[in-house]
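**Student:** Sequence:
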Amino acid sequence: MWTAPTTTDRDRKQLLRALLDEVNITVDRGNDSAQARLMLRWKGSATSDLVVPIKRRPPAIRTDEDTIQLIRRLAVHYPDAQIAGILNRQGRTTARGLSHTAGRVQSLRHHWHIPRHQPDTQQPEGEPLTVADAATQLGIAPSTLHRWLADGFIPGEQLTPGAPWRIRLTDDIRALFVDDAPDGWLAMLEATLAYKVTRQTIMQRVKRGDLQAVHVRTGRRKGLRIQPPTPQNQLF
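In this text, residue positions in the sequence shown follow our numbering: the first is 1, and each later residue adds one.
Any given hint might turn out to be false.
[What the hints assert, rightly or not] Within a straight-line C-alpha distance of at most 16 Å, the following computed EDC-like cross-link-like pairs (lysine to aspartate or glutamate) qualify: (1) K207 to D172; (2) K207 to D151; (3) K43 to E22; (4) K222 to D179; (5) K222 to D183; (6) K43 to D21; (7) K222 to E190; (8) K55 to D28; (9) K222 to D180.
[Stated by the list, open to error] So the derived label-pair ranges between C-beta atoms look like this: (10) P142 to A187: 18 to 24 Å; (11) A194 to D151: 16 to 22 Å; (12) A102 to D133: 18 to 24 Å; (13) L16 to T93: 45 to 51 Å; (14) A141 to G91: 28 to 34 Å; (15) R41 to T101: 55 to 61 Å; (16) W42 to R62: 43 to 49 Å; (17) A60 to L16: 31 to 37 Å; (18) E190 to E157: 31 to 37 Å; (19) A34 to D133: 55 to 61 Å.
It should be emphasised that the hints constitute simulated quantities derived from the structure, not laboratory data. Each residue gets a CB set at the ideal place from its N, CA and C atoms; glycine is no exception.
Sequences and hints are given; from them, build the entire structure.
**Tutor:** Following this line, the structure appears as structure tokens:
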């Protein structure tokens, strides 16, 4: 049984070269579509016009510069897993729209040559500490420290929204946490009655420095103690 010989791609190319005299190509890269217009001039002066669509190269997938810079700042203070949590809390996703994980943060760091976090075993005076570490040094519960941060009793800082609070334990902050309050200083309820204002107003005055306050961390009556009002001179 006779079978037709197989024509290979190479054979087809050689055949075209033998039949074609000239090929002119014009590329049109429009906004909606890209195409190439071919004018084929055959042996014997016959011509053919062809329009061939051109596949566009997909845009490069790249993490936005703002996220890269944020990772660069966070990597100084936090490991990859914690950085991933911060990015997710901010609603940031990867270039492919995925949530961040420790592995994906690590890949980004390696690609952009960002050094990994190196924990500091010896933190000097005033070095920012996590709430847990600061609470341990002050001898109080982390929940208490979170409450005083929210109330403005002590200052704290965040590298970015969603990042853990960090506290610089200066001598002034350490002095706010004592085992015994000065004589005559008032608990919060007593202070609101003495000053005839709300707890919020008391805390605002403490935050501004208009009132002195300390936190008693030992004994049965732990908590804030507020400086009492100055007695007013009475006329005879």
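**Student:** What are the numbers of the hints that this structure violates, sorted from low to high?
**Tutor:** none
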